[in-house]
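Chemist: Numbering of the sequence shown is given in my numbering, commencing with residue 708 and proceeding in unit increments.
Keep in mind that the hints were calculated from the coordinates and are not lab data. Fair warning: there could be bad hints in the mix.
The calculated label-pair distances, taken between Cβ atoms and stated as ranges, are [as the list claims (entries may be wrong)]:
1) K853 with G786: 20 to 30 Å
2) Y770 with A827: 18 to 28 Å
3) A719 with P826: 47 to 57 Å
4) F716 with N762: 31 to 41 Å
5) G794 with L720: 44 to 54 Å
6) L778 with M708: 52 to 62 Å
7) P833 with Y767: 14 to 24 Å
The beta-carbon is built from N, C-alpha and C at its ideal position, and this holds for glycine as well.
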Amino acid sequence: MTKTIALAFAVALIATGCRREERRFREVAPAATATSVATAVNLQPGPTYTVTKTNGPYQYNAYAISEGKALFNQFNCSGCHSMGGGGMGPPLMDDKWIYGSDPASVFATIMEGRPNGMPAWRGRIPNYEVWRIVAYVRSLSGQASKDASSGRDDHMFGRESEQRLTELKPKQASNPVLH
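Assemble the whole structure, with the sequences as input and the hints as a guide.
Modeler: Written as structure tokens, this is what we have:
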């Protein structure tokens with residue numbers, strides 16, 4: 708009897724020690740605005756914009772990464788980026804990131820667009836959805852937390868799940884004019 712009570716107590720103690728990811732389904736994500744200017748090259752459409760260096764609100768949230776994956780397909784990002792492998796747009800699954808791989812730079816790229824084809828989505832997609840796409844795009848090169856990566860229908864995409872990717876350390880591409 709005492710062994711049963713001790714076992715139940717040990718299980719309860721272990722269960723309280725586990726921390727689950729926090730899932731915030733409705734929240735206002737921050738906009739990428741602040742004082743430091745993040746420009747990789749002199750080419751950019753429209754006015755100069757400022758970007759805050761941030762981790763992004765959803766990089767450790769599996770639900771948000773999963774939603775980002777759905778949004779990536781719904782907004783036809785895969786049409787140019789070929790499911791992340793690159794096509795008309797640059798690949799998102801390698802270690803060469805033209806305009807930076809940190810969440811704020813990816814956010815700015817989506818919102819403001821880039822020369823030679825990347826459309827600006829500001830005013831068309833709410834910030835919180837863009838941040839979810841950012842979390843998913845970063846997961847394509849293994850930059851997401853392994854326990855928060857999307858597990859959504861990976862068998863349909865003909866490639867490894869984001870959870871199984873090894874992290875690539877993104878570096879600056881040599882010629883940003885090409886994309």
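Chemist: Evaluate each hint against the coordinates.
Modeler: Outcome of the hint check:
At about 28 Å, the beta-carbon gap between K853 and G786 stays in the expected band of 20 to 30 Å. The hinted range of 18 to 28 Å is satisfied by Y770 and A827, whose Cβ atoms lie roughly 27 Å apart. Between A719 and P826, the C-beta spacing of about 53 Å keeps the proposed range 47 to 57 Å intact. Taken as a hint, the range 31 to 41 Å holds for the pair F716 and N762, whose Cβ atoms sit roughly 37 Å apart.
Distance hint check for G794 and L720: the Cβ-Cβ separation is about 52 Å, which falls inside the suggested range of 44 to 54 Å. The hinted range of 52 to 62 Å is satisfied by L778 and M708, whose Cβ atoms lie roughly 55 Å apart. The hinted window of 14 to 24 Å between P833 and Y767 holds, with their beta carbons roughly 20 Å apart.
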